[in-house]
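Chains as they are written, first to last, in the numbering used here: chain A, 200 to 355; chain B, 200 to 355.
Be a bit skeptical, because a hint or two may be false.
Copies of the same chain look alike in the list, so a pair counts if it works inside one copy or between any two.
BS3-like mimics (lysine-lysine), calculated; alpha carbons at most 27 angstroms apart, straight line [as the list claims (entries may be wrong)]:
(1) Lys243 with Lys349
(2) Lys349 with Lys328
(3) Lys327 with Lys349
(4) Lys233 with Lys247
(5) Lys314 with Lys333
(6) Lys314 with Lys338
FYI, nobody ran anything at the bench for these hints, they're computed from the structure.
Number of protein chains: 2
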Amino acid sequence: MNTTLTHRKARIADLPRLVELLLEDELSQTRESKLTPLDENYVKAFHKINSDSNQYLMVVESKGEIVGTCQLTLMASLTFIGSTRMQIEAVRVAEKHRGQQIGSWMIDQAILYAKEHGVSIIQLSSNKKRHQAKHFYEKLDFEASHEGMKLYLRKE
Amino acid sequence: MNTTLTHRKARIADLPRLVELLLEDELSQTRESKLTPLDENYVKAFHKINSDSNQYLMVVESKGEIVGTCQLTLMASLTFIGSTRMQIEAVRVAEKHRGQQIGSWMIDQAILYAKEHGVSIIQLSSNKKRHQAKHFYEKLDFEASHEGMKLYLRKE
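Looking at chain A on its own, in the form it has when it is part of the complex (with noise of 0.2 angstroms):
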């Protein structure tokens, strides 16, 4: 087990950081921006983020240095009787920190979030081009039982 983890609420100084993390990834590649100043529809996005009581934009910590991120978000809900549900989104671990297990133990920090929240359900979508993701979150006790569905929206 990695003990140098912890994780806090992000901070308008970390985006840099963060969306370097974003595009430390694949898929990301074609969909983020490495326009140095940042794209101020990042700093925008921050903003919202942050001032959502509902938002929790996990920064992982390792020795002072950022490792991994995800966003978190609480969705109230009538079904299962009232329940709220928690959404994982954009989880990524730096490139050079992968194979630490720094990517369960931000998923296993992000469970404990959730309970003590009164969170029923957590949930995410996985794309199935990443061929072990599915694997990862199924060794976390994630069960596939749905078909994650996107529509992307031209801008008109």
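For this one, chain A is given, so just place chain B on it according to the hints.
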């Protein structure tokens, strides 16, 4: 096309009917409560949803009767250059009004709502036991590109 349909934000007075709609679903029989008066967790969840500006609990009416519902959640995100995602949950059409394209009308309205709110990605997960649902969403241009993974937490 069904021209008698309208949609609006759910009100507290709709809650008993909305729980009825949740119950008119084979997978929900063991999930929901049929108690009268309503389990107070439904009321608490309703108020959380109702007071959250990122939530739209949609009620579809035809001739003054509630015939459908779904829940839309806007989620700011860093990914895709600071995009906004929209999650669709708890899609239900009243049993006696099925086969009238109310579901597809409702999802079309959800897509319009998403466009009005600057959403780039609409997402939902569909239980693999609902064999027709995947095809229903594919006809509406959704792609089953992801595994929808769930972890149910036990009360401890």
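Lysine 314 and lysine 333: within-copy, between-copy, both or neither at 27 angstroms Cα: within (22 angstroms within a copy, 31 angstroms between copies)
Intra- versus inter-copy proximity for lysine 349 and lysine 243 (alpha-carbon distance at most 27 angstroms): The answer is within: 23 angstroms in one copy meets 27 angstroms, while 30 angstroms across copies does not.
Same-copy or cross-copy closeness of lysine 233 to lysine 247 [CA-CA at most 27 angstroms]: within (21 angstroms within a copy, 38 angstroms between copies)
Intra/inter-copy verdict for lysine 349 and lysine 328 if alpha-carbon distance must be at most 27 angstroms: both (14 angstroms within a copy, 18 angstroms between copies)
Alpha-carbon proximity context of lysine 314 and lysine 338, limit 27 angstroms: within (19 angstroms within a copy, 37 angstroms between copies)
Intra- versus inter-copy proximity for lysine 349 and lysine 327 (alpha-carbon distance at most 27 angstroms): Answer is both: 12 angstroms inside a copy and 15 angstroms across each meet the 27 angstroms cutoff.
Taken one by one, the earlier hints all hold for this structure without exception.
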